[in-house]
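Q: Sequences listed follow chains A and B, in order.
Each residue of the first sequence is one higher than the one before, starting from 750 at the first, in my numbering.
Each residue of the second sequence is one higher than the one before, starting from 750 at the first, in my numbering.
If you are wondering where the hints come from, they were derived from the structure by calculation, not from laboratory data.
The structure presented is a predicted model; accordingly, all values stated were derived computationally and were not measured.
Accuracy of the hints is not assured; some may be wrong.
Below 27 Å or equal to it, Euclidean Cα-Cα: the simulated BS3-like pairs (lysine-lysine) are [as the list claims (entries may be wrong)]:
1. 816(A) with 760(A)
2. 938(A) with 965(B)
3. 938(B) with 937(A)
4. 1008(B) with 937(A)
5. 952(A) with 938(B)
6. 945(B) with 952(A)
7. 945(A) with 965(B)
8. 952(A) with 937(B)
9. 1059(B) with 945(A)
Residues on chain B that point at chain A, a partial pick, calculated with CB under 10 Å [stated by the list, open to error]:
10. 917
11. 925
12. 933
13. 934
14. 942
Listing some non-contacts, in silico: residues in chain B with all C-beta distances to chain A over 12 Å [as the list claims (entries may be wrong)]:
15. 754
16. 791
17. 800
18. 810
19. 841
20. 858
21. 881
22. 886
23. 932
24. 973
25. 1056
All C-beta atoms, glycine included, are put in the ideal place defined by N, C-alpha and C.
Protein chains: 2
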Amino acid sequence: MTLDEILVEIKQAEKIVILTHESPDGDAVGSSLAMKFMVEALGKKADVIIPEYPRCFCFLPTTDEIKIQSEVQNYDLAISVDCANFKRLAKNEYFENAKKTIVIDHHSSNNMFGDLNYVNPASPACCEILIGIAEYFGISISKEMGTCIMTGMITDTGGFRYMGITPDTFEYSAELLRVGVDIPEIYKKTMGTKTKANFELTKRIIDRMELLEDGKVAFTYMTTQDEKEVNAEMGDHEGLVNIGKDIEGVLVSVFIRQKEEEEAYKVSLRSEDGINVSDICLLFGGGGHARAAGALIQGNIEQVKEKLMKEIKKWTES
Amino acid sequence: MTLDEILVEIKQAEKIVILTHESPDGDAVGSSLAMKFMVEALGKKADVIIPEYPRCFCFLPTTDEIKIQSEVQNYDLAISVDCANFKRLAKNEYFENAKKTIVIDHHSSNNMFGDLNYVNPASPACCEILIGIAEYFGISISKEMGTCIMTGMITDTGGFRYMGITPDTFEYSAELLRVGVDIPEIYKKTMGTKTKANFELTKRIIDRMELLEDGKVAFTYMTTQDEKEVNAEMGDHEGLVNIGKDIEGVLVSVFIRQKEEEEAYKVSLRSEDGINVSDICLLFGGGGHARAAGALIQGNIEQVKEKLMKEIKKWTES
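With the hints as constraints, model all of the structure from the sequences given.
A: Put into structure tokens, the structure is as follows:
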């Protein structure tokens, strides 16, 4: 089976690199570091390359070893975690140049771009797949590895709140708690803390929030001007898209964020059961999950809003 | 052991009443209904009396059977769940007049006011105690009973995020998921949904929020005027106290809410490790847990703020 082949590849390789998707979230970062711990437990070493590392994950063990780039051009083995396709993979040149490639992921849209692919869309987090793999490999989970795994499980399930959580999610969590993983601390660091900048942005996007289509759609935005004014750093907009989603009656939450100084907006959509925002984002060249997806759309706020609402209406009117 | 005696009392009683604390939260409501299901599984019937039932819990099974009061004056058995003392028990006259009384709770401040007391402060929710009792009694958990239990476990742990969660919390959750309990739905209904009124209140309290004591204390307030203007119903202020708590650097979050038309404020405090807000609230005749407590203080906003800050400073300055 694939996992046995993956084990063979890891054991054979000398130079291993671990990569994940751009704009990394908790599951991307957690999976990358957990994979590194797994490789080490197998007696090997691996580089983790994450060019844009969000500050809120700096509490994770061995964060300081993460590279922005590497001198090694041709790795024996490249492992992509939590990434659906080659294009979204950050620093994908290392993947392209590697002798052998492995893809481990939980996105249903994964297009199996590795030599070996272990993709389980039934897992709510890539980290949950990794803990399963560790068990299969007979690796005992350390507190450090468990902390990385828990980070992905907490963030990708919205703190155990999204559809897709499984009895496994909870049983693994019990297991991780037992090896000393501090779940409340991880929750606090990743989902329970608003930086002052995030708090200021929250104020603004709440003040601007519009409820459209009979309250079924919440729309709000943020500009680069806002980010400058509140001294926002990378990751300071995290979670803002959920504010609209949680309002009673809202089926789709739209949060658009200006891309640098351009007339273009990074779109984040969140939805309730029955509305596939991944399909909507695909129309604009983006993608994601059925209930959480993103895209980049050219235009000013009004133009982007109009383009999006035209597509969203098709779902909310039905 | 106490549980065996409790079982005997339930089996012997004809008229049973279940009561819980005033201003009931998810654990109070969930425990009350779960206890009723447990009594029924033992072949008995019980009245649940909750005079102020928050709308957000109306999705719970048999909500419509909950009474505001009862014609029965002298119950054979009164069971208090999730309540630390007799004074806080809503409709405590039924407890007082009952022939036999049982107290099941998880508050460390519980003063054992029943004939039989089963109190476990190590449990993060009273509902978690109840699922343990059900197991001990050999009662298999139905989806309905499980939904009530999960409601208490989710709300009292802040969605699995507070200190005090145990491997049991997660293992029971896995078990409940397996019997068909819809955890994401419960999360959404109890913690993930803001009513429009709650959203409007959020806007206001965020706009008013002050960061005091070098950012260690977040202070904000709400008046009855606010509640009127946004058409707030019971429970619409839920969760507002957590907004301040989640800001980086904040150790104590203070949220005060005017009591009806009086010059008095209901105080809610939340804290981080190391600051015991229960001790602070005790000074004002209130109480609660170390990290979540409340009290009622006479005065206008400025006066209440001053009284509170004087005590809070003693903790934040050290």
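Q: All hints are to be evaluated individually against the structure, with a verdict given for each.
A: To see whether the hints hold, each was checked on the structure:
1. Between residue 816(A) and residue 760(A) the CA atoms are separated by roughly 22 Å; this keeps the pair inside 27 Å, and the hint holds.
2. For the proposed pair residue 938(A) and residue 965(B), the alpha carbon gap of about 17 Å is at most 27 Å, so the pair holds.
3. A distance of roughly 22 Å separates the Cα atoms of residue 938(B) and residue 937(A); the hinted pair therefore holds under the 27 Å criterion.
4. The straight-line distance between the Cα atoms of residue 1008(B) and residue 937(A) is roughly 31 Å, outside the 27 Å bound, and the hint therefore fails.
5. A threshold of 27 Å between alpha carbons decides the hint, and for residue 952(A) with residue 938(B) the separation of about 24 Å falls inside it, so the pair holds.
6. For the suggested pair residue 945(B) and residue 952(A), the alpha carbons sit about 16 Å apart, so the restraint of at most 27 Å is met.
7. Between the alpha carbons of residue 945(A) and residue 965(B) the distance comes to roughly 12 Å, so the proposed pair stays at or under 27 Å and holds.
8. Between residue 952(A) and residue 937(B), the direct Cα distance comes to roughly 23 Å. Compliance with the 27 Å bound is thereby established for this hinted pair.
9. Between the alpha carbons of residue 1059(B) and residue 945(A) the distance comes to roughly 25 Å, so the proposed pair stays at or under 27 Å and holds.
10. The restraint placing residue 917(B) at the interface with chain A holds, with a minimum CB-CB distance near 8 Å, inside the 10 Å limit.
11. Of the supplied interface hints, the one on residue 925(B) holds, with its beta-carbon coming within about 9 Å of a beta-carbon of chain A, less than 10 Å.
12. Of the supplied interface hints, the one on residue 933(B) holds, with its beta-carbon coming within about 5 Å of a beta-carbon of chain A, less than 10 Å.
13. A distance limit of 10 Å between C-beta atoms decides the matter here; for residue 934(B) the minimum to chain A is near 9 Å, and the interface restraint holds.
14. Hint status for residue 942(B): holds, given a least beta-carbon distance of 5 Å to chain A, under 10 Å.
15. Non-interface call for residue 754(B) relative to chain A: holds, since the shortest CB-CB distance, roughly 31 Å, exceeds 12 Å.
16. Annotated as non-interface, residue 791(B) keeps its C-beta farther than 12 Å from every C-beta of chain A; the closest such distance is 27 Å.
17. Against chain A, the non-interface label of residue 800(B) holds: every CB pair exceeds 12 Å, the least being about 25 Å.
18. The non-interface label for residue 810(B) is consistent with chain A: the shortest C-beta to C-beta separation is roughly 21 Å, beyond 12 Å.
19. Residue-level check passed: residue 841(B) sits 34 Å from the nearest beta carbon of chain A, beyond 12 Å.
20. Even its closest Cβ contact with chain A, about 21 Å, leaves residue 858(B) beyond 12 Å, as expected for a residue assigned away from the interface.
21. At roughly 15 Å, the least C-beta separation between residue 881(B) and chain A is larger than 12 Å, which holds for a residue marked as non-interface.
22. Against the 12 Å criterion, residue 886(B) stays outside the reach of chain A, whose nearest CB is about 23 Å from its own CB.
23. The non-interface label for residue 932(B) is inconsistent with chain A: the shortest C-beta to C-beta separation is roughly 6 Å, within 12 Å.
24. For residue 973(B), the condition that its CB be more than 12 Å from all CB atoms of chain A holds, with the nearest at approximately 22 Å.
25. Residue 1056(B), annotated as away from the interface, keeps every beta carbon of chain A farther than 12 Å; the closest lies near 26 Å.
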